[in-house]
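Chains as they are written, first to last, in the working numbering: chain A, 368 to 651; chain B, 664 to 949.
Hints are computed from structural coordinates only; laboratory data are not their basis. From a predicted model like this one, the values you see are computed outputs, not experimental measurements. For glycine and all other residues, C-beta sits at the position ideal for the given N, C-alpha and C. Any given hint could be a false lead.
In silico BS3-like links for lysine-lysine, alpha-carbon gap of 27 Å or less [stated by the list, open to error]:
| # | chain 1 | residue 1 | chain 2 | residue 2 |
| --- | --- | --- | --- | --- |
| 1 | B | Lys929 | A | Lys462 |
| 2 | A | Lys459 | B | Lys932 |
| 3 | B | Lys932 | A | Lys462 |
Sample of chain B residues lacking proximity to chain A, with all beta carbon distances greater than 10 Å (derived) [to be verified]:
| # | residue |
| --- | --- |
| 4 | Leu717 |
| 5 | Glu774 |
| 6 | Val812 |
| 7 | Ile900 |
This is what each chain is made of:
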Amino acid sequence: MTILEFMLAPLMACLLLILINVYFGIHVLKREIIFIDIALAQIAAFGATIAVVIEHVMHEGHGHEHSEDSWLAYVLALSFITVSSLVFSFLKNKKISIPLEAIIGISYAFATTAAVIILDKAAGGDVHIHDMLVGSILWVSWAQVIKLFVIVAFVGGIHFIFRKKFIQLSDSYQNKENKMNNSFLWDFLFYLTFGVVIIEAVNISGILTVFAFLILPAAFSSMFSKSWTTRIIIGFILGSVVSAFGLYFSWNMDVPVAPLIIIVLGIFLILGAIYKRLISFKKS
Amino acid sequence: MIDNLVFLAPAIAACVILAGILSYFGNHILTRGIIFIDIAIAQIAALGTMTGLLFGFAEESISVQFISYGFTIVVISLFAVLKSKKMAISQEAIIGIIYCVALGLALLLAERISGGSNYITKTITGNILWVTWKQVIFALVLVIAVGLVHVIFSKKFIEISENIRDKKGAENKRILELLFYVTFGFVIVKAVFIQGIFLVFILLIAPAAIVRLFTSNWRQRFIWSWVIGILGSIIGIYISYEYNVSNGPAIVCLLSTFVFLAAFAKAFKKILDRKSTSKFVQNIKE
Numbered sequence: 368m369t370i371l372e373f374m375l376a377p378l379m380a381c382l383l384l385i386l387i388n389v390y391f392g393i394h395v396l397k398r399e400i401i402f403i404d405i406a407l408a409q410i411a412a413f414g415a416t417i418a419v420v421i422e423h424v425m426h427e428g429h430g431h432e433h434s435e436d437s438w439l440a441y442v443l444a445l446s447f448i449t450v451s452s453l454v455f456s457f458l459k460n461k462k463i464s465i466p467l468e469a470i471i472g473i474s475y476a477f478a479t480t481a482a483v484i485i486l487d488k489a490a491g492g493d494v495h496i497h498d499m500l501v502g503s504i505l506w507v508s509w510a511q512v513i514k515l516f517v518i519v520a521f522v523g524g525i526h527f528i529f530r531k532k533f534i535q536l537s538d539s540y541q542n543k544e545n546k547m548n549n550s551f552l553w554d555f556l557f558y559l560t561f562g563v564v565i566i567e568a569v570n571i572s573g574i575l576t577v578f579a580f581l582i583l584p585a586a587f588s589s590m591f592s593k594s595w596t597t598r599i600i601i602g603f604i605l606g607s608v609v610s611a612f613g614l615y616f617s618w619n620m621d622v623p624v625a626p627l628i629i630i631v632l633g634i635f636l637i638l639g640a641i642y643k644r645l646i647s648f649k650k651s
Numbered sequence: 664m665i666d667n668l669v670f671l672a673p674a675i676a677a678c679v680i681l682a683g684i685l686s687y688f689g690n691h692i693l694t695r696g697i698i699f700i701d702i703a704i705a706q707i708a709a710l711g712t713m714t715g716l717l718f719g720f721a722e723e724s725i726s727v728q729f730i731s732y733g734f735t736i737v738v739i740s741l742f743a744v745l746k747s748k749k750m751a752i753s754q755e756a757i758i759g760i761i762y763c764v765a766l767g768l769a770l771l772l773a774e775r776i777s778g779g780s781n782y783i784t785k786t787i788t789g790n791i792l793w794v795t796w797k798q799v800i801f802a803l804v805l806v807i808a809v810g811l812v813h814v815i816f817s818k819k820f821i822e823i824s825e826n827i828r829d830k831k832g833a834e835n836k837r838i839l840e841l842l843f844y845v846t847f848g849f850v851i852v853k854a855v856f857i858q859g860i861f862l863v864f865i866l867l868i869a870p871a872a873i874v875r876l877f878t879s880n881w882r883q884r885f886i887w888s889w890v891i892g893i894l895g896s897i898i899g900i901y902i903s904y905e906y907n908v909s910n911g912p913a914i915v916c917l918l919s920t921f922v923f924l925a926a927f928a929k930a931f932k933k934i935l936d937r938k939s940t941s942k943f944v945q946n947i948k949e
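Just chain B, with the same shape it has in the complex (with noise of 0.2 Å):
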């Protein structure tokens, strides 16, 4: 037990500190309605890897996550910063189009690198169980600050994620816009690095979402998806080591069960009230 706990605890600790600012993140992404930003921003980066490799780099090399970062950041400044009052299209529309095309790209990137396409499908799953507690350490100190960062504006940014779609006054906020998606661009692509897209896309949405679906309270919705977020982490990590699945997986099943069974807790719920209220009605005037 105590081997088994000596090996899995870089594991958890990475899961309980992404899990924490990605609930936290996840609040904000999903009042604005654009769900798949971190699937988009993790194409970026990984674009940004394989121009890297294209000119020579070595994959693990300083120069390689300097290109991935700085097209993660360019492209999502440029999201920030370009929303404007005449757009026709939704924010999660033009995710979609920065998703596809950055796609295409690697997918012409990936003809010209030996063993290219996996640099495509290598993000996908990822795994936490090879994390390192080096590794581990940097994340904190990225969370540590970017959580800083939002803690000094947390009013500013829940103010601007709630008015979302009111687009009056959009262009005085750019400043707290670009602090906002460039701190999350850090961390997704640290996250994915870490966790795989699927992981963080579900640690980002899930908790949010079940809580979302029983308050609108901003506070006790950060609380409570928190603990939604770092307890699915630990049982999921849990189960996967019981009973032998890949731990990204577990976890990414668990909490989306987790979803669907209160999503469907809570519209039964209300059909049920309803009847029951109507008859009440009925009752009274009988």
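Next comes chain A alone, as it looks inside the complex (with noise of 0.2 Å):
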């Protein structure tokens, strides 16, 4: 019985991170972006960065205090992932002739350095980069489930509503000739609304964790269907029975849960693809 209850947060926490990010990962497997979440992690990193600096100038001698959670840092973190979603949208442009995701990995590289050397300069705190790598779900709270239940349901219900706009976008990201109205708009939106769910799955279970049901669950539905539905039932229930087993076995054999998860979830992409080259051999 206590294992149920230790587990019943974080597994409910897999399920809506699992469930937002296969559709999430669909999307970014087609616009072929697929470092957008480290890059945006690490982008609302940086501005959570600044903000434990300005408020460690401003709280001169209270010491070193966690300041994660602080409105501050939530407030920086959400206007830098303001900017650079404007930026990506205006920078996916016919004119522009190198791959977004160069634009991506060049400001991914720009904020990582870039937070370190305010804080060699601040000397306020150190790197966070091993925390956020990792994270740890075993440690989610309810009240950050329901945090990010009501994101979720919020994120999920635009891109429920306006899923034609959203997903002909993605569809036809490839072709230069991209005739959609207002395309810089919803690019915008796509961007910002996938900003704020990164900022509350990264501060629940890490990068890692993150970047692995964004990718993995979906590029393994992509080898067996086209249909936006079926990918999305495919990598939910890949993804939901694979972090089940993970946080059992986790508790099990005291190992950490997320190389676990990924390492499974990567498994069963190679037993996939196998699977489909002999397919593929029997029909040729």
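Taking the hints as your guide, dock the two standalone chains into a single complex.
Below you can see the structure in the form of structure tokens.
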């Protein structure tokens, strides 16, 4: 009974994260902007870093506090996400002859190293690179789960209502003659809502788990279907089963949960690819 | 001033040599759209190092380096060879998956090695100021060897990179692909060891990106990305020395700012051009 009590909140968090990330994952794969979530997470962290420095300067002598939950950190993280969403939507442009993934990568490198410089200079806090990388979904509280639920419902609602727009945009992303009206606005809304989810998700489970939930189930489903609904369902089932398994074994065998989930998802992906190959050999 | 120069000389030499080869490769990487490949390679190499440590070899020993290079070469060869028409997802997605799973495995191994989590973050920053002349010479030899291979096959490599989305005949190019990725893998592992992931990433992508905005001619792309990469490194080291910030981050921020300036300049210029031409057309009509 205790294990169920202990695991219920992390499991709920996992299910919510998988649901929203599989959906975004399909978008991200279609747009070929694989590393967008790492970049957005790092940009949000850059904002939070500046908040830490500001608070440190303002409360000189109060010692080092963990201000990750402060409203200033959230506001700055969100405004950095907004600015970078504007930049990404603006630079997705017929005239810009380099892939958007390059711009995203450069923003990622900039955000990370600029945070290092600022922390170096301000001598206020340590770089939480490792914490941010792994996180621990096991220690998620019900309050966090409810907050995550509200955000997922809100963002999911927007994307459900305007699903045609968003899907049309991502489906036609690679061809240059994109005739859609207001594509800039929809692009911006896409990155902004995604960023809001990323801030919360990375807080709960760390960048790596979020990245895994985003890419692996969506890639797995891409081998078996082209329809968005089917892909979301396949990805969600795979992700849920694997994370339930991962939580259970991490509890039983005392191994960290994130790597466990990732490796099992990776194994499924390889098995899926091999199965796919065998089928196509039989056909030919 | 002379003292400073003597102190900075190995760092500058390392940066110039590596910027040369990295900005060359960057043009290929950008055209192929596999932006994050170096981060994935670095992660695989780190996984190799950790595996070596797990077997009880010393950190800087030949065995550990051998395992590290071995891991990298195996994975990148698989990546080069297993490309096929039936792939439903892009190469960049496969790179993402490789990175993610390698990092997951590294985190599991980190639990078993004392101080293991250090090895995960160790490769992130790097510090070129600690580079020795011996490392510089080793890097130079590697760069010359790889450079020669690429001079010999330059036309073929350019042809493959340009037609990367056109999947016909991918099977015939496997040996060349293998050669490309293996040489690239060696350079990246060496460069990340000296400079850290972010500096390598930015030297790879930023100069090539700036140049690609303005020209699609390969010869010009190579020449200008060399100029930008090498100048950017030298100015970055100077700034970092003058204002006492870490050198790697200084170069990264400098070059990435250039990319954004160039991209915005390009995008705005086109908008202005369009407005002025439409006005011009209107004037003619009137």
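Results of checking the hints against the structure:
Pair hint B:Lys929 plus A:Lys462 holds up; C-alpha atoms about 8 Å apart against a cutoff of 27 Å. Our distance criterion of 27 Å between C-alpha atoms is met by A:Lys459 and B:Lys932, whose separation comes to about 15 Å. Between the alpha carbons of B:Lys932 and A:Lys462 the distance comes to roughly 10 Å, so the proposed pair stays at or under 27 Å and holds. No beta-carbon of chain A comes within 10 Å of the beta-carbon of B:Leu717; the shortest separation is about 15 Å.
The beta carbon of B:Glu774 sits about 7 Å from the closest Cβ of chain A, which is not more than 10 Å, so the claim that it is off the interface is violated. Non-interface call for B:Val812 relative to chain A: holds, since the shortest CB-CB distance, roughly 25 Å, exceeds 10 Å. Non-interface status of B:Ile900 relative to chain A is upheld: no Cβ of that chain comes within 10 Å, the nearest being about 14 Å off.
Checked against the numbered hints above, the structure breaks only hint 5 and satisfies the rest.
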